[in-house]
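Peer 1: Given next are the chains, with one letter for each unit.
Number of protein chains: 2
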Amino acid sequence: MIMSQSKKIRPTESELEILQVLWEHGPSTVRFVNDQLNEDREVGYTTTLKLMQIMAEKGLAERDTSQRTHIYSPAVTEAETQQNLLTQFVDRTFKGSAMKLVMQALGNHNASEAELDEIKALIEEIETEGRRKNK
Amino acid sequence: MIMSQSKKIRPTESELEILQVLWEHGPSTVRFVNDQLNEDREVGYTTTLKLMQIMAEKGLAERDTSQRTHIYSPAVTEAETQQNLLTQFVDRTFKGSAMKLVMQALGNHNASEAELDEIKALIEEIETEGRRKNK
DNA sequence: AGCTTTTTACGAAATACTTCGTAGACAAAG
DNA sequence: CTTTGTCTACGAAGTATTTCGTAAAAAGCT
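Chains Y and B, in that order, are what the protein sequence lines are.
Residue numbering for the first sequence follows my numbering, beginning at 3 and increasing consecutively.
Residue numbering for the second sequence follows my numbering, beginning at 3 and increasing consecutively.
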């Protein structure tokens with residue numbers, strides 16, 4: 003199995019906001035990211051710049067500096083980042099019980115019929131998988 | 003509907019660790035909580051004391067100061083705290099989609115057959131509830 | 001060319017959170 | 001009574017994160 007990242011990906015809250023923009027829109031300039039963030043809340047341009055520079059240092063983002071205006075790309079995928087944050091969150095808040103988390107999330111959410119069906123399908127899949135592997 | 007807490011409950015990571023002890027063991031002294039924490043990692047006594055004092059100020063805990071050794075009790079329930087943290091986490095990490103979170107949590111399954119059955123039962127319940135309300 | 005705007009770099013202030021040292025009160029033990 | 005230990009209070013240092021001001025370089029404009 004290829005491990006593209008040996009270290010744990012742990013973006014801070016602000017870094018995560020920026021990653022969301024990069025994941026959604028792809029490679030972007032600081033200006034663009036800052037504009038996106040400012041649709042939700044006021045953030046100074048240099049604040050965003052600094053954060054993105056730090057993210058590049060940390061390896062959360064990569065940047066193309068061949069032009070005067072640098073282009074930043076996410077260096078981690080959304081799925082792996084979510085997985086890491088989720089694991090950490092479950093450990094902290096639900097003492098490691100992913101099931102408790104699922105129950106709580108399901109219980110308090112207005113899930114549509116379609117969504118519930120989706121989950122049921124997934125459960126089916128997991129169960130089948132389990133039997134096949136004789137787990 | 004009675005709102006026991008108008009403000010959002012947002013314990014920090016350290017505060018959450020302490021709350022876990024209080025939820026599990028009920029009203030406790032600083033000494034007891036500190037001993038519990040030290041089973042996992044080294045923490046100074048005054049560190050725990052300070053945190054618990056802050057928690058009392060913030061309203062996360064209550065304390066009985068009638069004796070020299072104060073007794074601290076949780077002032078928030080485990081369920082409501084988990085719910086608040088969960089909502090916040092889903093917003094941040096899954097852009098508000100609880101379903102994505104559930105799918106991801108389930109997908110990384112170490113779920114046992116029994117746990118999956120539990121979830122299926124919960125889904126059944128939600129679906130029945132939904133039909134009853136003709137939602 | 002001269003002025004304005006945009007961008008990066010740098011550093012430091014501001015904020016949030018965690019940790020601990022020290023002091024004083026009180027209690028327990030000898 | 002004196003010594004030793006435990007507890008609270010307080011403040012401040014340490015660390016992580018966020019925010020921004022300023023400067024210099026590059027680009028755009030008139």
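Possibly wrong hints are sitting among the right ones.
In the BS3-like style, the derived pairs of lysine-lysine whose C-alpha atoms are separated by at most 30 Å in a straight line are [said to hold, decoys possible]:
#1 B:K97 to Y:K122
#2 B:K60 to Y:K60
#3 B:K52 to Y:K52
#4 Y:K60 to Y:K97
#5 B:K60 to B:K10
#6 B:K10 to B:K97
#7 B:K97 to B:K122
#8 B:K122 to Y:K102
#9 Y:K10 to B:K97
#10 B:K60 to Y:K102
#11 Y:K97 to Y:K10
#12 B:K10 to B:K52
#13 Y:K97 to B:K60
#14 Y:K102 to B:K97
#15 Y:K10 to Y:K52
#16 Y:K97 to B:K10
#17 Y:K97 to Y:K122
#18 B:K97 to Y:K97
#19 Y:K97 to B:K122
#20 B:K97 to Y:K52
#21 Y:K102 to Y:K10
#22 Y:K122 to Y:K102
#23 Y:K52 to B:K122
#24 B:K60 to Y:K122
#25 Y:K60 to Y:K10
#26 B:K102 to Y:K122
#27 B:K102 to Y:K97
#28 B:K52 to Y:K122
#29 B:K102 to Y:K60
#30 B:K122 to Y:K60
I should point out that these hints are in silico values taken from the structure, not numbers from a laboratory.
Peer 1: Could you run down the list of hints and mark each one as holding or not?
Peer 2: Hint check results:
Simply put, K97 (chain B) and K122 (chain Y) have alpha-carbon atoms about 22 Å apart, close enough for the 30 Å limit, and the pair holds. Restraint check: the Cα-Cα separation between K60 (chain B) and K60 (chain Y) comes to about 34 Å, which exceeds 30 Å; the hinted pair is violated. About 33 Å separates the Cα atoms of K52 (chain B) and K52 (chain Y), which puts this hinted pair outside 30 Å; it is violated. For a cut-off of 30 Å, the pair hint linking K60 (chain Y) to K97 (chain Y) stands: about 28 Å separates their Cα positions.
Using a Cα cut-off of 30 Å, the hinted pair K60 (chain B) and K10 (chain B) holds, with the two alpha carbons roughly 11 Å apart. Among the hinted pairs, K10 (chain B) with K97 (chain B) is consistent with the structure: their alpha-carbon atoms are about 19 Å apart, no more than 30 Å. At roughly 25 Å between alpha-carbon atoms, K97 (chain B) and K122 (chain B) fall within 30 Å of each other, so this suggested pair holds. The hinted pair formed by K122 (chain B) and K102 (chain Y) meets the criterion: a straight-line CA distance of about 14 Å does not exceed 30 Å.
Under the criterion of a C-alpha separation no larger than 30 Å, the hint pairing K10 (chain Y) with K97 (chain B) is consistent with the structure, at around 21 Å. Between K60 (chain B) and K102 (chain Y) the CA atoms are separated by roughly 27 Å; this keeps the pair inside 30 Å, and the hint holds. With a C-alpha separation of about 19 Å, the suggested pair K97 (chain Y) and K10 (chain Y) falls inside the 30 Å cut-off, and the hint holds. Annotation: proposed proximity of K10 (chain B) to K52 (chain B) holds, straight-line Cα distance about 22 Å (limit 30 Å).
A threshold of 30 Å between alpha carbons decides the hint, and for K97 (chain Y) with K60 (chain B) the separation of about 23 Å falls inside it, so the pair holds. The hinted pair formed by K102 (chain Y) and K97 (chain B) meets the criterion: a straight-line CA distance of about 21 Å does not exceed 30 Å. In summary, the hint linking K10 (chain Y) to K52 (chain Y) is supported, as the alpha carbons are separated by about 22 Å, within the 30 Å threshold. Between K97 (chain Y) and K10 (chain B) the alpha-carbon distance is near 21 Å, which keeps this suggested pair within the 30 Å criterion.
The straight-line distance between the Cα atoms of K97 (chain Y) and K122 (chain Y) is roughly 25 Å, inside the 30 Å bound, and the hint therefore holds. Between K97 (chain B) and K97 (chain Y) the CA atoms are separated by roughly 23 Å; this keeps the pair inside 30 Å, and the hint holds. Proximity of K97 (chain Y) to K122 (chain B) is assessed by CA-CA distance (about 22 Å); at most 30 Å being required, the pair is judged to hold. Pair hint K97 (chain B) plus K52 (chain Y) holds up; C-alpha atoms about 24 Å apart against a cutoff of 30 Å.
Our distance criterion of 30 Å between C-alpha atoms is met by K102 (chain Y) and K10 (chain Y), whose separation comes to about 24 Å. Restraint check for K122 (chain Y) and K102 (chain Y): satisfied, since their Cα atoms lie roughly 17 Å apart, inside the 30 Å limit. A distance of roughly 47 Å separates the Cα atoms of K52 (chain Y) and K122 (chain B); the hinted pair therefore is violated under the 30 Å criterion. At roughly 41 Å between alpha-carbon atoms, K60 (chain B) and K122 (chain Y) are farther apart than 30 Å, so this suggested pair is violated.
Annotation: proposed proximity of K60 (chain Y) to K10 (chain Y) holds, straight-line Cα distance about 11 Å (limit 30 Å). Taking the CA atoms of K102 (chain B) and K122 (chain Y), the gap is about 14 Å. The hint holds against a cut of 30 Å. For the hint linking K102 (chain B) to K97 (chain Y), the alpha-carbon distance of about 21 Å falls within 30 Å, and the restraint holds. Under the criterion of a C-alpha separation no larger than 30 Å, the hint pairing K52 (chain B) with K122 (chain Y) is inconsistent with the structure, at around 47 Å.
Proposed proximity of K102 (chain B) and K60 (chain Y) is supported: the alpha carbons are some 27 Å apart, at most 30 Å. Annotation: proposed proximity of K122 (chain B) to K60 (chain Y) is violated, straight-line Cα distance about 41 Å (limit 30 Å).
Hints 2, 3, 23, 24, 28, 30 from the earlier list are contradicted by this structure; the remaining hints agree with it.
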